[in-house]
Each structure stands twice: as structure tokens, then as C-alpha cells.
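Protein chains: 2
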Amino acid sequence: MTKIAKPPKRQIILEEAAKLFKDKGYGGTSMRDIAGQVGMEAASMYNHIKSKDEILDSICFRISDVYIAHLREVEELPLSFGEKVRVLIRLHIQLMVEDGPAVSVANHDWKYLPNARLTEFTTARRQYEKGFAALIAEGIAAGEFQAVNPTVALFTILSAVRWVELWFQPGRSLSAQELEDHIITMLLKGLEQR
Amino acid sequence: MTKIAKPPKRQIILEEAAKLFKDKGYGGTSMRDIAGQVGMEAASMYNHIKSKDEILDSICFRISDVYIAHLREVEELPLSFGEKVRVLIRLHIQLMVEDGPAVSVANHDWKYLPNARLTEFTTARRQYEKGFAALIAEGIAAGEFQAVNPTVALFTILSAVRWVELWFQPGRSLSAQELEDHIITMLLKGLEQR
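Residue numbers (full-length UniProt numbering), protein chains in the order written: chain A, 1 to 194; chain B, 1 to 194.
Isolated chain A (complex conformation) (with noise of 0.2 Å):
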């Protein structure tokens, strides 16, 4: 007989804590309502992790980095700059629907991360932000998209992506595919028909 291979205690722990951290917030959570969550006793889950700083830290980092890490591919593919910008949209919605409590997390309760740690999650997504920026800038220059600002561009889609969190359910009458889709006929190709 095979055994299917269980997630690791401390992946579950990060799990069962954002699902919390979302529902009661960050200051809300205790480290034994996520014990009693994950069904362990506090003491042995101090095995795994060692406080609700680590937890707060590891959730928001391993968000920031995977956003950073596919902008730094979708910067090397050799797509258009439109299908560039699709993908990074498509990732935003997927992460959201498939991993929407840590998402939510790492957009809302990052500012309780302690100071220095503050100030390097901040950076990387200014970071993001700016590559994300640097992608419709360049975009413009090529001729491939309108004179926007950047900027604006930018914000214009982050917000909308960032709805998806309040909005998407699963078993609403859209799918996520169909989200997707539409949400990016929204931003690139615009509500007016061509």
C-alpha cells in the first residue's frame, strides 16, 4: 500500500493561521486558536513555529516572492508587452482564488510585520511595483499600448485585481477562468467595443 504524502505540520500551521488571521484578524489570533484550529496541543506546536511573528513572516514573504519571482520570468519571456501584462493579471487572480487567505494576509496585515522586516516587505513590493511599471512604460514607448501614465495604468490594475478578494466565491456563477477573462478584456482592450 502507498501512503499519500501528508503537507508538513508547519505548511499546515501557515494554512490554518492565515484562514484566522482573515476571518479574526491578525490581532485577533492566538496562537492558541491556531493551535486548536490545526488540532494540536500550543506546546507541541511550538515545535514547528515559534511565534505569530514567524507565522505574520512567512506568509507575506512567501507571497511576495512568488510575485516577484514570476515578474522576474514574465520580464525575460519573449512575449509582447500586452501578453506580458496578461500574464502577471492572471497570476494575480489565480494566487487570490487558489491561495486567497495568505493573499489577504500579505495585503492587509503586513504592516504588523516588526520594523526591520517592515521595511525589507515594503521594498519588495515597491520593487514589484516598480518592475510591474517598467513592463506598460516600456509597452507605451514601443507602441503597443495608449500614452497612459504608468502609474495610473498601473493602480488601475492592481485595484481591480485586488477586488477579486471580496468578490470571488467559489461557486458564484463565474468562473475563475471567465473572471479572467473578462477582467483582462476590461483592462487591456477597455469597455468600448473596437
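I should point out that these hints are in silico values taken from the structure, not numbers from a laboratory. It is possible that part of the hints are untrue.
[Claimed, not checked] To spell it out: a stretch of chain A is covered by chain B in this simulated footprint if at least three of its residues, at any positions, have a beta carbon under 8 Å from a beta carbon of chain B; those stretches are: (1) 101-114; (2) 162-176; (3) 182-193.
[As the list claims (entries may be wrong)] SDA-like, lysine to any residue: derived pairs with alpha carbons at most 20 Å apart: (4) B:24 with A:108; (5) A:189 with B:181; (6) B:19 with B:166; (7) B:130 with A:166.
We put the beta carbon where it would ideally sit given N, CA and C, even for glycine.
Dock chain B against the given chain A, drawing on the hints supplied.
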């Protein structure tokens, strides 16, 4: 000598309260804070306004009334659907720029309204969203807009304009007019060149 009419006291109280709610949160602001900001004794402020609840109510419903009145007006105007949507987007951005603290309170602090008024407020908001989505659906039916899901189109628009709250500050390199133009280009024409 002519006297320049000063805004009535009640209006000054509402404006200063909105700024305090925005900066310190609704829960974090006391009637005493508001009186201090306006430069009145708390006791004499009660001649103009009864409670913090009344202030919140006045701010939230003034803003939602403005949105609904404009929607009703736009619905009757002899314009294309594209023009109608442009008028509504401009309204959102202008309100944010000119009446920022009140818009922020109506966006975030409405949840502290007492029960009966809370229901009235969320009903008004749903009515606005429904009317705006209907304009989009009619524009699609008329062949003027892309065949996107009207709800996705609506919330892409509303998210994009709401972000202005976090970003726009007088003195930024982009004027309010330019911001409007670029957001409208993104949402109506899309990032990609036609």
C-alpha cells in the same frame, strides 16, 4: 461693507468631523475631539448636532444621495452609453478630490450606522450599483460595449476609482483632470493601442 457669508456651523462641524473620522477612525473620534477641531465648547456644539451617530448619518447619506441623484440624471441624458459611463467615472473622481474625507467616511465607516439606517444605506448602494450595471448591460446590448460580464465591468470601474482615495494628493505631478483622463482611457479604451 458686504460680509462674506460663512458656511453654517452645522456644515463646518460635519466637514471637520469627516476629517477626524478619516484620520483617527470613527471609533477613535469623540464629540469632544470634534468640538476642539471646530473651536467650540462641546456643550454649544450640541445646539447644532445631537450625536456622533447623527454626524455619521448626515455624511453617509449626503454622499449616497449625490451618487444616486447623478445616476438618475445621467440615465435621462441624451448621450451614448460610453459618454454616460464617462460622466459617472468623472463624478467619482471629482467627489474624491473635492470632498475626500466625506467620501472616505461613506466608503469605510458606513458600517457603524445604527441598524435601520445601515439597511437603508446598503440598499441605496445596491440601487446605485444596479443602476450603473444596467447602463453597462444596455451598452453591451446596443453593441456599443464589449461582451463583458456587467458586474465584472462595474467593479473593475469602482475599484479603479476608489484607489484614487489612497493615491491622489493635491500637488502630485498629475492633476485631477489628467488622472480622470488616464483612468477613463484605461477603462473605456483599454491599455492596448487600437
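How the hints compare with the structure:
{"no.": "1", "hint": "101-114", "verdict": "violated (count 0)"}
{"no.": "2", "hint": "162-176", "verdict": "holds (count 4)"}
{"no.": "3", "hint": "182-193", "verdict": "holds (count 11)"}
{"no.": "4", "hint": "B:24 with A:108", "verdict": "holds (18 Å)"}
{"no.": "5", "hint": "A:189 with B:181", "verdict": "holds (16 Å)"}
{"no.": "6", "hint": "B:19 with B:166", "verdict": "holds (14 Å)"}
{"no.": "7", "hint": "B:130 with A:166", "verdict": "holds (18 Å)"}
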